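Participant: In order, the protein sequence lines correspond to chains F and A. Residue 339 in the working numbering is what sits at position 339 of the first sequence, and the numbering runs on without skipping anything. Residue 100 in the working numbering is what sits at position 100 of the second sequence, and the numbering runs on without skipping anything.
Hints listed in this document are in silico derivations from the structure and should not be mistaken for laboratory results. Remember, predicted model here, so these are calculated numbers, not experimental data. Beta carbons are placed, not taken as given, at the ideal position from N, Cα and C, and that holds for glycine. Among these hints, one or two may not hold up.
Stated by the list, open to error - With the Cβ distance kept under 8 angstroms, some of the chain F side facing chain A (calculated, not the full set):
hint: 1; residue: Gln30
hint: 2; residue: Val61
hint: 3; residue: Arg119
hint: 4; residue: Arg122
hint: 5; residue: Arg123
hint: 6; residue: Gly127
hint: 7; residue: Gly129
hint: 8; residue: Leu327
hint: 9; residue: Thr407
hint: 10; residue: Leu410
hint: 11; residue: Ile414
hint: 12; residue: Pro416
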Amino acid sequence: MTSCDEALRQFNQAAERMGLDPDVRKILSQTACEITVNFPVKMDDGELRMFTGHLAQHNNVLGPFAGGLRYQEAVDRDDVRALAIRMTWKHAVLGLPFGGAVGGVDVDPSRCSPGELERATRRFTFGLGGNIGPEYGVICPELGTDEQIMAWILDTYASTMPPHERNLCRHVVMGKPATLGGSAGREQAAGHAIVIMLDEWARHEQLDLGQATFFIQGFGATGSWAARLLAERGARLLAVEDDSGAIAHPDGIDPGDLDSYARLRGGIDGYPKASPTDRAGFLSTRADIFIPASPQKPLTRDCASMLKVRVVAEGADALTDRETDALLRERGVQILPDLLCHSGDTIVHYYEWLQNRRSERWEAEEVSSKMRRRLLSVYEEARGIAAELSTDLRLAALIAGLRRIETAYLKRGIFP
Amino acid sequence: MDTRDYFERAADLVGLSPGVRRLLALPCDELTLHFPVKMDDESVETFRGFRVHHNDALGPYLGGLRYHPSVTLKAMRTQAAQRTWQAALAGLPFGGSMGGIQLDPSRHTLSELERITRRFVFALGNNIGPDYDVLTTEVNTNSQIMSWVLDTYFSTVPPQERNRAFPVVTGKPLEAGGLPGRNRAVGLGMAMLIERWAKDHGVDLAASTYTLQGFGTVGSSVARVLQSKGARLLAVEDVTGGVFHAGGIDAEDLFEYSRRHFGLRGYPRATALSHEAFLRTPATIFIPAALATGFTSELLELLNVRLVAEGACILTEPGMDEVLRRKGMDLLPDVLCTVGGATASYFEWLQNKRGERWELEEVEKRLQDTLYRAYERVAKASVEFGADWRTTSVALALKDLEGVYRDRGFFP
Numbered sequence: 001m002t003s004c005d006e007a008l009r010q011f012n013q014a015a016e017r018m019g020l021d022p023d024v025r026k027i028l029s030q031t032a033c034e035i036t037v038n039f040p041v042k043m044d045d046g047e048l049r050m051f052t053g054h055l056a057q058h059n060n061v062l063g064p065f066a067g068g069l070r071y072q073e074a075v076d077r078d079d080v081r082a083l084a085i086r087m088t089w090k091h092a093v094l095g096l097p098f099g100g101a102v103g104g105v106d107v108d109p110s111r112c113s114p115g116e117l118e119r120a121t122r123r124f125t126f127g128l129g130g131n132i133g134p135e136y137g138v139i140c141p142e143l144g145t146d147e148q149i150m151a152w153i154l155d156t157y158a159s160t161m162p163p164h165e166r167n168l169c170r171h172v173v174m175g176k177p178a179t180l181g182g183s184a185g186r187e188q189a190a191g192h193a194i195v196i197m198l199d200e201w202a203r204h205e206q207l208d209l210g211q212a213t214f215f216i217q218g219f220g221a222t223g224s225w226a227a228r229l230l231a232e233r234g235a236r237l238l239a240v241e242d243d244s245g246a247i248a249h250p251d252g253i254d255p256g257d258l259d260s261y262a263r264l265r266g267g268i269d270g271y272p273k274a275s276p277t278d279r280a281g282f283l284s285t286r287a288d289i290f291i292p293a294s295p296q297k298p299l300t301r302d303c304a305s306m307l308k309v310r311v312v313a314e315g316a317d318a319l320t321d322r323e324t325d326a327l328l329r330e331r332g333v334q335i336l337p338d339l340l341c342h343s344g345d346t347i348v349h350y351y352e353w354l355q356n357r358r359s360e361r362w363e364a365e366e367v368s369s370k371m372r373r374r375l376l377s378v379y380e381e382a383r384g385i386a387a388e389l390s391t392d393l394r395l396a397a398l399i400a401g402l403r404r405i406e407t408a409y410l411k412r413g414i415f416p
Numbered sequence: 001m002d003t004r005d006y007f008e009r010a011a012d013l014v015g016l017s018p019g020v021r022r023l024l025a026l027p028c029d030e031l032t033l034h035f036p037v038k039m040d041d042e043s044v045e046t047f048r049g050f051r052v053h054h055n056d057a058l059g060p061y062l063g064g065l066r067y068h069p070s071v072t073l074k075a076m077r078t079q080a081a082q083r084t085w086q087a088a089l090a091g092l093p094f095g096g097s098m099g100g101i102q103l104d105p106s107r108h109t110l111s112e113l114e115r116i117t118r119r120f121v122f123a124l125g126n127n128i129g130p131d132y133d134v135l136t137t138e139v140n141t142n143s144q145i146m147s148w149v150l151d152t153y154f155s156t157v158p159p160q161e162r163n164r165a166f167p168v169v170t171g172k173p174l175e176a177g178g179l180p181g182r183n184r185a186v187g188l189g190m191a192m193l194i195e196r197w198a199k200d201h202g203v204d205l206a207a208s209t210y211t212l213q214g215f216g217t218v219g220s221s222v223a224r225v226l227q228s229k230g231a232r233l234l235a236v237e238d239v240t241g242g243v244f245h246a247g248g249i250d251a252e253d254l255f256e257y258s259r260r261h262f263g264l265r266g267y268p269r270a271t272a273l274s275h276e277a278f279l280r281t282p283a284t285i286f287i288p289a290a291l292a293t294g295f296t297s298e299l300l301e302l303l304n305v306r307l308v309a310e311g312a313c314i315l316t317e318p319g320m321d322e323v324l325r326r327k328g329m330d331l332l333p334d335v336l337c338t339v340g341g342a343t344a345s346y347f348e349w350l351q352n353k354r355g356e357r358w359e360l361e362e363v364e365k366r367l368q369d370t371l372y373r374a375y376e377r378v379a380k381a382s383v384e385f386g387a388d389w390r391t392t393s394v395a396l397a398l399k400d401l402e403g404v405y406r407d408r409g410f411f412p
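Required output: the full structure, derived from the provided sequences and hints.
Facilitator: This is the structure:
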C-alpha cells in the first residue's frame, strides 16, 4: 500500500462518517495539479546534471496552496501527492486560510556542496515559474530543507519580479531566517503545540501535569522543546531515544542539560546523567505520556503493544497506521492525533505569512498566545465532533477540516 | 510513438554535448491536472488533463490540444519533443509543447465540452500565454474549442491587456483572429512537400496514384489538395474499414460521405477491402495519417510504393527505417512532413501580434517558402551526414538548439 492509499483510506472513512457531499468527495480524492520539473544544474566539476523535482498541489479552495518542500533521494510523485493531501487536511483542521501542497526534489543534500545545493534550489524555483507565489503557492521547510534553502528560494523568486513588487513577495516562503522576515517562536513552535494540547488533555483528565511522567522518541527541535516546556510545568522526563540510542532515569532527566549535551555530541548516546537502555526497555517505560517525535520512525503494532502509557501525543505526521491505531484504542491508550498535536510549525508558518503580508513583526509572546487560542478552539471543536458522531479524535479532527472545505465548495459552486 | 531512438541517433550524428543531450532528453516541465466540471444533469465529474513543456530555448512553447481517451503523460511527452524538433527544423521562433484531456468527446454535449475546455484552461492558469505557451488545434479539437480557450484566457487578463492575448491560441475562427487556411495547413503543407519531392524525382504528380490511411482533418485535407493537382486516390482506410477504386476515389465526395456516416464504411462508389489488401495496393505514394497506425516491420514489408509521406509516424520501432531503405522507398518523415501546422500557427500568432489580417495567397506563399527551406535543409544535410531523413531532421534541430545553449549558458 502506498502512502497515498493510506491517506485516501482515512479520507474515505471520514467522508463516509460525515456524509461528505459526493461532488466534493470526487474533487478531494484527486490532486488539482501535479508538476514535474526537469532542470539542469552546473555541478562544481563543470558537468551539467539533470535533476527532477515535483510539486503536488492538492486543493486550494480555502486559500493559497501551502506546504513543505523536501530534498530526499528517490522522492516521487506518489510521495508528494500523499503529503499534499495531508497538508490540505491539516490547514483545514486548524482553520488556516491555506490549501495543501508539497514539493520534493530527488536529491540527497548531504552529497551536494552548498554551491550545488544553491544552484539546484534556484534552478528548481525558476522552473516552477508561475506555479508558486505568495498568494498562490507557498513553500516551507520539510525533510532535508532548512531556512537557508528558503532564503535562496525567496531570493530567486524575488529576482523574477519587477523591482517595486519584490518586497511584496516575502511570504512566498515560510520558515525563513528571522532577518528575512521569519517569525519569532518558530523553533519552539512544534514542541509548544504538543504541550498546549497535553495541558488541555490533562485538564480534561483531571491529571496534574506537575506530577506527570513522560518519555520521548526523537530529540530534535520538536522533542527537546516539548520536553523542556513539560519540565517547566514539573513533569518528569523518564526516557529518551534518538538515532544514536536510548537512555533512561527513573528520577527524571533534565531536558535542558540533555539538549546541550546532544548538540555537542550530535546525539544523546553516552549521556552521563542517565543509563543506557534498549529499544524494548525504552518502549515499555511506564509513564503517563509518550511523545513520538521522530518522523522516520512510524509506530508499528509491536511498538504499540509494548506501550504502558495513558496518552500518545503524536509529534510527527502519519506515524500511526490503521492497525496500530486500533490496537492502541483497544488497550485504552488515548491518542492526541498529528492533525492537532503536530501543528506548531504549520500554525507559526501561517503567522509568518501574515506578518510578511502586513509588514509586521510579532513578539514571541504574541505568537505563542495566538497559537494557544487557536489550538484550544480546534481541539474543543474536534472533541465536540467526536462526541456528536461517537468517533475517535483523529477522525473527528479530519471531519472538522472536511466540513470547512465542503462548506466552501457548496457556497462557491463549480466554475464556470 | 517513441522518438527516443531517433533522438539518440541524431545526437550521436551531430556529436551533441553530453550536457545538452541530457537536457533535451527530458521535458522542462510537465503538468497533470484534475478539474471538476458540472455536467448537463448537474452532477460533477472530474477530468484529467496534461500539458508538457519540452523546451523553450528558441521561443515560447507551441503545441496542440488533444481530446482523446488515449491521452497520457507519456504520449504527450513524446509529442512535445517532436514539436521542439519541428519548430527548430523549420526555423520557427518556438519551442515544443503538447497537451490534452483524457476523454471521448463524442460522449459529451457541446455545452459540456465548453465547460470542460474552460475549466481546463482555468486550471492551466499561468502555464499558458501568448508569449509563454501557445495552444493549437489537434486531434478532436477545432476552432470552436480554440474560441473557448481564448475567451476563458481573456477573462483572466486585465481589460487593458486582453487584445494582446489573441495569440494565446491559434486555429481560431477567422472572425476571432484566425488565419485563412489554418485548419487545412497540415494537409496543404504535406501536399506541397509531396509535390516538391515529385519534382525532384522526376515524378509527374498528375499521373501519380496514392493510398491514404486515416481520413480525419489531416487525411481529408491532403487528399483534397492532391486531387486538385490531379493525383489519383486509389484506396483509403479509417477505423471503420477500407475502400478501393482503381479509377480513383473522389476525395470531396468521400469527405461528405464520411462526415454524414461517421466513417468510410459502406461508401457506395468504391469497393471494400481488407487491411492487408489496403497495404498491398501498389501506388506512387502512401500517406499514413491516422492517430494509431499500428505498423510493424512485417506490415511495412507489404507496402508497394515509392514514397511514404508521414502525416503520422509509422516508424515506431528501431530498425523499421531499414525496411524502407531495403525496399527503395523514400520517406518524408512526420517531423518534416507535418510542419505546415506549426508554420501556420506561427503565421496566425504573428498576424495577431501585429494586429494584421493576412490573405490566403500570402499565407500559402509563405507556407511554401518555409516548407521548401526546411525540405532543402534536410535534403542537403542528409547527403552530408549520410543519414536517413528522419535522423537528419532531428539532428538539424539539435544542432540549432545546442547553439542557443552554447551562447546563453546555464542560469544561475
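Participant: All hints, please: hold or fail.
Facilitator: How the hints compare with the structure:
Satisfaction of the interface hint for Gln30 of chain F is found here, the shortest Cβ-Cβ separation to chain A being roughly 4 angstroms, below the 8 angstroms cut-off. Of the supplied interface hints, the one on Val61 of chain F is violated, with its beta-carbon coming no nearer than about 11 angstroms to a beta-carbon of chain A, more than 8 angstroms. Checking Arg119 of chain F against chain A: minimum C-beta separation of about 6 angstroms stays under 8 angstroms; hint holds. For Arg122 of chain F, the interface hint holds, the least distance from its beta-carbon to any beta-carbon of chain A being 5 angstroms, beneath 8 angstroms.
For Arg123 of chain F, the interface hint holds, the least distance from its beta-carbon to any beta-carbon of chain A being 7 angstroms, beneath 8 angstroms. For Gly127 of chain F, the interface hint holds, the least distance from its beta-carbon to any beta-carbon of chain A being 6 angstroms, beneath 8 angstroms. The interface hint given for Gly129 of chain F holds, since its Cβ lies 7 angstroms from the closest Cβ of chain A, which is under the 8 angstroms cut-off. Using the Cβ-Cβ criterion of 8 angstroms, the hint placing Leu327 of chain F at the interface with chain A is not satisfied: the shortest such distance is roughly 35 angstroms.
This hint is violated: Thr407 of chain F has a C-beta 16 angstroms from the nearest C-beta of chain A, more than the 8 angstroms allowed. Restraint check, Leu410 of chain F versus chain A: the minimum CB separation of about 11 angstroms is more than 8 angstroms; hint violated. Residue-level restraint check for Ile414 of chain F holds (minimum Cβ-Cβ distance to chain A is 5 angstroms; threshold 8 angstroms). Interface restraint check: Pro416 of chain F against chain A, minimum CB-CB distance 5 angstroms, threshold 8 angstroms, status holds.
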